[in-house]
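Visitor: Heads up: the protein sequence lines correspond to chains A, B and C, in order.
1 is the number of the first residue of the first sequence in my numbering; add one for each residue after it.
277 is the number of the first residue of the second sequence in my numbering; add one for each residue after it.
1053 is the number of the first residue of the third sequence in my numbering; add one for each residue after it.
According to the in silico footprint, chain B covers these stretches of chain A (three or more CB under 8 Å from chain B):
(1) 180-187
(2) 252-258
Calculated lysine-lysine pairs in the DSS-like style (CA-CA distance at most 30 Å, straight line):
(3) B/K894 / B/K450
(4) B/K283 / C/K1143
(5) C/K1143 / B/K927
(6) B/K778 / C/K1143
(7) A/K160 / A/K215
(8) B/K363 / B/K409
(9) C/K1168 / B/K941
(10) B/K299 / B/K543
(11) C/K1197 / B/K941
(12) C/K1168 / A/K58
(13) B/K927 / A/K188
(14) B/K385 / C/K1059
(15) A/K50 / C/K1059
(16) B/K834 / B/K850
(17) C/K1059 / A/K22
(18) B/K700 / C/K1197
(19) C/K1063 / A/K22
No lab work stands behind these hints, which were simulated from the structure alone.
We treat Cβ as the ideally placed atom computed from N, Cα and C, and that holds for glycine.
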Amino acid sequence: MIAFDFAYFRPNTLKEATEIYKQIALTGKTPVYYGGGTEIISMARTGSVKFDAVIDIKSIPECTTLCVESDRLIIGSAVTLTKIAESGCFPLLGETVSRIADHTIQGKITIGGNIAGTIIYREAALPLMITNSKVKIIRKNRLHDVPFFDVFDGDLHLQKGELIVQFLIDKNYLNLPYCHVKKTKLDKIDYPLLSMAAIKTNNGISAAVSGLGDKPFLLPGKILNETDIPETIRVDKTIAAIQNNIISDLIIASKEYRVFVLKNVLTQMFHNFKGA
Amino acid sequence: MGYIIGKNIVRKEAFNKVTGTAKYTDDFITTGIYHAELLISPYAHAKIINIDIFEAVSSTGVKTIITGSDINVLCGPLLDDMPPLAKEKVRYHGEPVAMVVADCEQNAKAAVAKINVQYQPLQVVNSVLNALKENTVIIHENLQQYKKNVPDVYPEANSNICSHVKIRKGDQQKGWQDSEIIVESSFTLPQSDHAAMETRTAQCEILPNGRVIISSSTQAPFSVKEQINKTFQVPIGVIDVNVFFVGGGFGGKVPVQLEILAYIASKAVDGHAVKIVNNREKDMITSPGKIGLEANMKIGAKKNGKIMAAEMHFNVDCGGYAEIGPRIAKAIAVDCAGPYNIENISCDVLCVYTNHPVATSFRGFGHTSQAFCIERMLDKLAAALNIDPLEIRMINALVEGNYSPTQVKITLSNTGNFGECLNKLKTLINWDEGQRIEENNNLVRAKGIGCFIKTSDSPTNAISGVLLTFNSDGSINLNCGVVEIGPGMKTTAAQILAEKMKMDIGRIHVKMEVDTQTSPVHWKTVASMTTYMVGRAVLSAAEDLIRQLLNAAATVFKCAPEDLEVADEKVFLKTDLQTYLTLKDIVHGYQYQNGNSVVGQIMGRGSFIMNQLTFLDKETGLGKAGPYWTVGAQAVEIEFDTQQHTYRILKAATVVDAGKVLNPKTVKGVLMGGMCMGLGLGTSESFIYDTEGIVQNTSFRTYKMMRYGENPDYLIDFVETPQIDAPYGSRGLAEHGIIGIPAALANAISVAAHVDIINLPITPEQIWRLKAGVQV
Amino acid sequence: MLAFSEKSIVKLNVNGENVTVMINPSYTLLHVLREELGLTGTKPGCENGDCGACTVLVDGWPIKSCLMLAAEAIGHQIVTVEGLKNAPIQKSFVENWGFQCGYCTSGFLMVCHALKNIHPDANDFVIEQWLQSNLCRCTGYGEIKNAVKAVLENRI
Ligand SMILES: Cc1cc2nc3c(=O)[nH]c(=O)nc-3n(C[C@H](O)[C@H](O)[C@H](O)COP(=O)(O)OP(=O)(O)OC[C@H]3O[C@@H](n4cnc5c(N)ncnc54)[C@H](O)[C@@H]3O)c2cc1C
Ligand code: FES
Ligand code: FES
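Construct the entire structure; sequences and hints are all you get.
Guide: If you want it as structure tokens, here you go:
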């Protein structure tokens, strides 16, 4: 039970969505865009957020589309993780998101909400971080396609009222050799101790991790692809390079143990990509 | 024997539970009921300087706000040490500090957020070790002034010790002299939560005529009555407690907490109906959980493996208030030797206050923690002597003629056959293939054993009762005070009655709800004592019915009652099975053809009281705590990855001496549930505290339990050594699946990884630390 | 555009019927099903998305109703345990001893029922993936496994 009142809007067009957002904001009230609502409801129940209105974007066609158009895959920001996984459109993303939360919740979480959320994991972002993807956002009343990294450096940086409409991924990235690993403290359904998505292109391996640090980040591509030195050394060098980003917490794991797990995971990754 | 005993009987309420129609306490939606919401302490130990309710009181819908200073009572089942709302200071993270009563949940919650409390943090006692240090912080300054509700609780002045139980058996000096090897170890086991899927909830209304009507998700409705009576001097006869289905208890729904708060809330709003419902976070920390334990153990043995002496120190972490902790301390002491014969024992169990959430009874009542220690000790002894772990248990197995730690003589009837359980376990888990087997890909398969013995530790005068009435068609209504919390006790009661009456169980109608005004008293639905206690009461009520039926039929047939027999809802003439009366024709009176009627309504009553139990001697522990023991042997098989230090649980096995298995599928279900919960304790369940005693994992997101698919294959077998005084020989069996499992898991992992596991839960990180020598 | 600023009367489709109900935009579907419609078979266990006791079907898919606003349900078909009419999974849970206290049962039934409809040929991996969304504290999950498999294999 949420202890405060708010209004509910479910616009049918992007225009309606931005208009209503603006209108509410003008009266000095706080609107929020509402995707799956899983984070919004949980945090509202515990009193960690407050707002005056939610704008549910799940009836906006642009936000719920999932299709391949010319040479890119378009994923609406309000597409649920289950839909992404079941569609098989992008296997690495499908595998990554089907380890977020649990299967039932995946039917409610939207990709946009996961990436825009406050939780430090944002696992759905990992595949987007390594595939040169773009996002379509509404900025100053207009749609813009911008590189994912322009708005996301582990945290999402949007101005008030800006909305992610879609994620755009070049078709060439969809079926490359990939690897996704999620390690938890013990149970399968848990926050990641470390979740890693990696692909191998002609230019080499790209990998992004979440759970290791206080936000998702890229592993140093330069080190991963130093093909002239042995993999074991590349593993050590990678770990040395990101030491300062690795967190320690009471609930999931200490920093030392995360390093141990990362080492195993990287070794496994190199092994998997052999010959790929 | 075996009319219906030993058959798989589907629980009576089964179809209600798969259609959503089975009603639990909070499923009765009452418009107009007020909601009470608690403000809880964000500190583990702090002085309350000021509580400002000014803004909250005028918040929408608020009827009243109550704080500790409004209430002048202390409560507790054994020791009156706990204010219903914190007074002057808080002693654990999550302790209730203020209560808002409002017209609806939303308004109550909104008002709680507006209360401003000023605290002055105090030094936190964050472990038992800390609590027992010299010159430590004292959590209860007035410990000696608290009223004792039972004679056998022993708080120690100027300390954090709220009770001390001692066992002194045999000759310590001789035991150690005779020992050729000594093994020592210490263990630390964390506090954790019951996590029943239904959170605790209570409602109270005080009627103008003075009746106090409470509904609650409780395992102990009659304790609710007693505590409300004792705490508020309300005449016990005007208190009605109603219980419907309960969504799991595991001991957590025995303490009387929300009922007291609901009473206070209702009283404060002129008796209006008020409900209070724990959200999950409060259910975890505000309401009581499971004890923590620190132990130091030392055992001495001959080279042939025979244990000669044991010295044990158990320190129970009962949290901020005593609750039932001193009884758990007693239970640990009573069964401290496990299912083994140890002639010379010195055992001290302290019940210790800390600034952790309060602990109460939890499935196994301390035995799971106790078993962890003794079972790890046996494996360590086995390793030191190079004896097979199963063999060393066999060598020391408790047998008829031995004496328990409190010096009760062991018989086959009162304890069963532990050795036979071990024998069967050996086959069941395929022990002979080897305890540790290396496989491909850095994998190792390993097994560990953990055994148990448990008696009840109930009050020496615990009672149960049953009332039976007939419907005009000859079917029977069964009314008892047992709460249906999951294990199907109501169905078991019906089954015992059906067997005794030799009738179809479908014709026995069990009243599922408990209403303390009309249901006969049943002590508490706990301690795996239900089948024994209520079963005995059912049998005695059935005998009462049969006696009346025989007399009635004898009147009609003009014969002696001894010539008659009851079966299939008929009373037969033994010598002529064609001559009978159907029950429907006599149970509400027999009418002759001319209209004359005789006999009247037939009703059965049966009752049971524990007998021969005694208090334990304060210095030696001598005495009898429970009517019988249940023993069993368990094992866990894991697959361990020697490189990643991760593991999977492949199998879990239990062999238990059931006396007689009444309802196989139900008993197995309860055992598997216990085993699964034991694996939860072994692998992941624990409260995690920061340095200030704040619980870090108060939701299911971070408090991890076993989920579907993480469970192993379950292997279950029984030994059936009848318990002479139990219904159809059937020994109490409900909690037991949990007891030996964490120990068995720890033994398996210790062998698999070549490490010495002395803490729970066993995370891969913990194993890695032990392997890599990295300090925590 | 659907818009509610305060308590409003709305139409929901629950268990095949259109019902008119008063909702507050901040009410969760769980709250409305239980408190406004009296469908108390759907249970709160955590109100945080972790336990699955509150699971209902929305357009045939399992959804945790504690993490859905009632307003979101407008225009969708909701099925609760009360809407399962003699579904094979119900019988299977009874015959396989799939529960004890019964508190988690509605949620498990809804997940299993949807699984049978959506992936009738689900293998053990998929079954596990779906059923790991729910917690049961009484059983050891063994009987639940038997119950769902009996239905998937058309043995009920
Ligand atoms: C049981 C459970 C387990 C979980 N486990 C994990 C886990 O293992 N790993 C993990 O990464 N996460 C996990 N989460 C957290 C989960 O990631 C978040 O709740 C979820 O990602 C939020 O997605 P949503 O669509 O529900 O977002 P919402 O709650 O709708 O929104 C979240 C935030 O994003 C904003 N937002 C939503 N859509 C947009 C948009 N299109 N443009 C701009 N802003 C937008 C909202 O305004 C809000 O601030 C778990 C959650 C639950 C309930
Ligand atoms: S109540 Fe919804 S998942 Fe627990
Ligand atoms: S049957 Fe009790 S929680 Fe599942």
